[in-house]
Amino acid sequence: MTITTLDPSSSSAAARQMPSALTVISFLLVGLWLVIAAFPFLWTVWGSFKVQADFFSKADWTNALRGTNTIAETGSAFTLRGYEGAWVQEEFWRAALNSCIVVFFTVVISLTFGTLGGYALARSGKQYAFWLLMAALVFRAMPHITLVSGYLLPFFEWNVWGILPTTIIVLVAINQPFTLWMLHSFFLNIPKDMDESAMVDGCTRFQAFRHVIIPVMWPGVITTGLFSFLLAYNDFAVTSMLLSEKNETMIPAIASFLGTTQVEGNVMFAVAAVVSATAPLFVLIMFFQRQIVSGLTAGAVKG
Amino acid sequence: MAEIQLRNVCKRWGGFVGVDDFDLRIADREFLVLLGPSGCGKTTTMRMIAGLEDPSDGEIWIGDRKVNQLEPKDRDVAMVFQSYALYPNLNVYENIRFPLKVRGVDPSTHDEKVRRASAMVELDEFLHRRPAELSGGQRQRVALARAIVREPNVFLMDEPLSNLDAKLRVSTRAQIKNLSHELKVTTIYVTHDQIEAMTLADRVVVMEKGVVQQVGSPTEIYDNPANTFVASFIGSPAMNLIEGEMAGGSFSAPRTRIEGLPAPSGKVTLGFRAEDARVVESGGQIEAPIYTLELLGDATMVTVRIGGALVSVRADKTFRAEIDDMVSIEVPPDHCHLFDGQTGQRIAA
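Protein sequences appear in the order of chains A and B. Counting in the UniProt record's numbering, the first sequence runs from 1 upward without gaps. Counting in the UniProt record's numbering, the second sequence runs from 1 upward without gaps.
If you're looking for bench data, these hints aren't it; they were derived computationally from the structure. Because the structure is a prediction, the values reported are computed rather than measured. One or more of the hints may lead you astray.
[What the hints assert, rightly or not] With the C-beta cut set under 8 Å, the calculated list includes, among others, these residues of chain A facing chain B:
{"no.": "1", "residue": "84"}
{"no.": "2", "residue": "88"}
{"no.": "3", "residue": "189"}
{"no.": "4", "residue": "197"}
{"no.": "5", "residue": "211"}
{"no.": "6", "residue": "212"}
{"no.": "7", "residue": "215"}
{"no.": "8", "residue": "216"}
[Stated by the list, open to error] Chain A is nowhere near these chain B residues, computed Cβ spacing over 10 Å in every case:
{"no.": "9", "residue": "50"}
{"no.": "10", "residue": "115"}
{"no.": "11", "residue": "218"}
{"no.": "12", "residue": "262"}
The beta-carbon is built from N, C-alpha and C at its ideal position, and this holds for glycine as well.
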């Protein structure tokens, strides 16, 4: 008896000490991975406060670390010249504003259609619901550029090329199959009894959807909304082809900072703009972290 | 105050018949139980009354209104689902209040009504919990409270006890019986458990494969089953059924001969209940080796094999024997039920 009571305590004490070496190693590995994964971004952030002669130094790459030319040109090891050039001189804020408009409307429109459509498809039980989803999958698999190349000529002819609404419509079209699929599977996880109970309790179909189903669905809507956000925010193919220069969003604007064969660009403006465009994403993901995780795992665990 | 009438109601999905020609008048304040094995159409019938399913044919009347075209919310029914279907984002209080809120009942009366309903099902202490923090029995009672809070015309209960453990089922059953006595509302209750049907119902409808087999009070159904299906479904254990031949008022099957039965000759199925027969020293109408012996505490169940069928008899609790011992069973002819060998329908005595 005494042996059996002593045994687990000593073994659990050992269990607490034993993996300490293992813990150290795993922390080191995670730390190493973190550095490797974050390095390109950290390097860009660091470099965005230097001048081009340092960050893209042909003579010695360590100039980027020491900031030799930055000190020579500006008198300090860090400079805001890149940011000033991008935001003030090149009016990057216009691109940021355009991005906000495009992203906002793309997310709102695709979520509206996605929740309504996903709910209808999840509850219909008709054969064609399945085929609609299959069709959506095909459109999802299509390269984004096909939608652009096919419509470019009509857009010119109808005189709707270059403006934000056209781009928003095309981005919604690209995004919609995905939101439909994702929200459809979230709705499938909510038992039908819930709608029916609400309807017997006195709701119309739409009230049941709004008062009972959507509150349960929030994590799913947030997760899907975030993916839609990222698609619209990071899109290059559509925005670069469909927007005139003054309506450009951030990603094509960054690309144009790099210059073309005709125009000399300013690489440091691009670097500063990249950092400016990435920072909000971190804030966003951290803010919605809880909903995203519960949204991503909702399918696995019964609600 | 509502009488419910189902007039030749049918439900078909393509070629599959879910409910066939259901015709019944349910009196105001009646407690009606729809009983049958799974897939017999009992839940479909209830869902058609609730408006969650459209009948393919026939009419449904609640009170003096034909409700075929009405939305569920306009039928003034309340339903308790098997899965409870509580709203997980609302606490118990808000769950119970939900029907009042969506129906635009005067908000100043909400609190009183919710508290009265929750007191009826003894939930007062849990009003601020979320459904996830409740046990199965408590969730079940929230669903009940949500149904009674609005004082509807009709209660519909879809297997409300089947997700509870056996002990809780008995106490909740008693609670439902008491509630229905107190509320005096027309209630339709769906179950596959014949004990629930027997204990709760004013009238039972036994269904199989979408067809009504028998409608009657629990005693009628127990004492005079209309066919072999009802006989084999009602009672615990179910009625013993032996296939055999009638000739000259006497029934014969392997190891069995029962005389003095008023039935025409031909193939029949004979039925009797375990508690109506007796184990005797000798001279019974059935003589067979014991197949199995079960001690129930208050009685001993003796089972023999006749042809392909197992026949159980309730013997005294002190009765003891070994498997394969010969046993003699006396079956009083006036406790025998005779069913047609082909159709399974009862042969009128």
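Results of checking the hints against the structure:
1. 84: violated, 49 Å
2. 88: violated, 47 Å
3. 189: violated, 12 Å
4. 197: holds, 4 Å
5. 211: Since the shortest Cβ distance to chain B is 7 Å, the answer is holds.
6. 212: With a closest approach of 6 Å, the residue 212(A) hint holds.
7. 215: holds, 4 Å
8. 216: At about 6 Å, which falls below the 8 Å cut-off, the nearest Cβ of chain B leaves the hint on residue 216(A) intact, so it holds.
9. 50: Violated, since 6 Å does not exceed 10 Å.
10. 115: Given that every Cβ of chain A is farther than 10 Å from that of residue 115(B), nearest at about 19 Å, it holds.
11. 218: Per Cβ check, residue 218(B) is outside 10 Å of chain A; nearest 28 Å; holds.
12. 262: Check passes; 50 Å lies beyond 10 Å.
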